[in-house]
Amino acid sequence: QVQLVESGGGVVQPGRSLRLSCGAFGFTFRDHGMHWVRQAPGKGLEWVAVIWDDGSNEYYAASVKGRFTISRDDSKNTLYLQMNSLRAEDTAIYYCARDEPRGTYFHYWGQGTLVTVSS
Amino acid sequence: QSALTQLASVSGSSGQSITISCTGTSSDVAAYNYVSWYQQHPGKAPKLLIYDVNRRPSGVSNRFSGSKSGNTASLTISGLRPEDEADYYCSSYTISSTYVFGTGTQVTVL
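Quick note, the sequences are listed as chains A and B, same order.
The opening residue of the first sequence carries number 1 in this note's numbering; numbering runs sequentially from there.
The opening residue of the second sequence carries number 1001 in this note's numbering; numbering runs sequentially from there.
Hints are computed from structural coordinates only; laboratory data are not their basis.
Treat the hints with caution; some may be incorrect.
[Said to hold, decoys possible] Calculated cross-link-like contacts (lysine-lysine; reagent style DSSO-like; alpha-carbon spacing at most 27 Å):
1. K1047(B) with K76(A)
2. K76(A) with K65(A)
3. K1047(B) with K43(A)
4. K1044(B) with K43(A)
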């Protein structure tokens, strides 16, 4: 069955960098666009970024554009989120999510990894 | 891109029907039939309930249904059950090829 497993979260100081990973299992990874979605403590969901199935395009939320980079390694069935210049407001659970071919929704979700930006 | 607008909370008795609304703009909800809905229980990852406005993924109860009119989408839960108590979020694809979520609605089953 489809499984997404995030890792790489932790506590980081403001201004520093962190890279999140999302391992994909149970499906053909290269056939699907992948997203990162975050949720600050006690708050709602916020879409962060998407990378197309073929890796040809990436799009970002305005709040992270220029600081975060989404990427994928289809040989490792892994999605990444490189987060630079981290701010306190980036503190959140980060979920990876899979879409469907030609789909515009988040069909499967991982359990999330917590990123805390604090000095 | 501002979040789509949802009422903060909605409540209903077991067996009743409730409707959650999601209001966007001409750049998102009104632009495409690409609205989806998610259910999130405390401490859990969100779960897809509805996609493309009114389509249900396999395994989702037919008590959940979606619709859209103009820049407002709606999720209806029929035959409300205690396990439906959760947070619900809408999402829309936008004309900028990005995505936006709603502010979220907490559903309480009385």
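Notebook entry, point to check: So which of the earlier hints does this model not fit?
Noted result: Failing hints: none at all.
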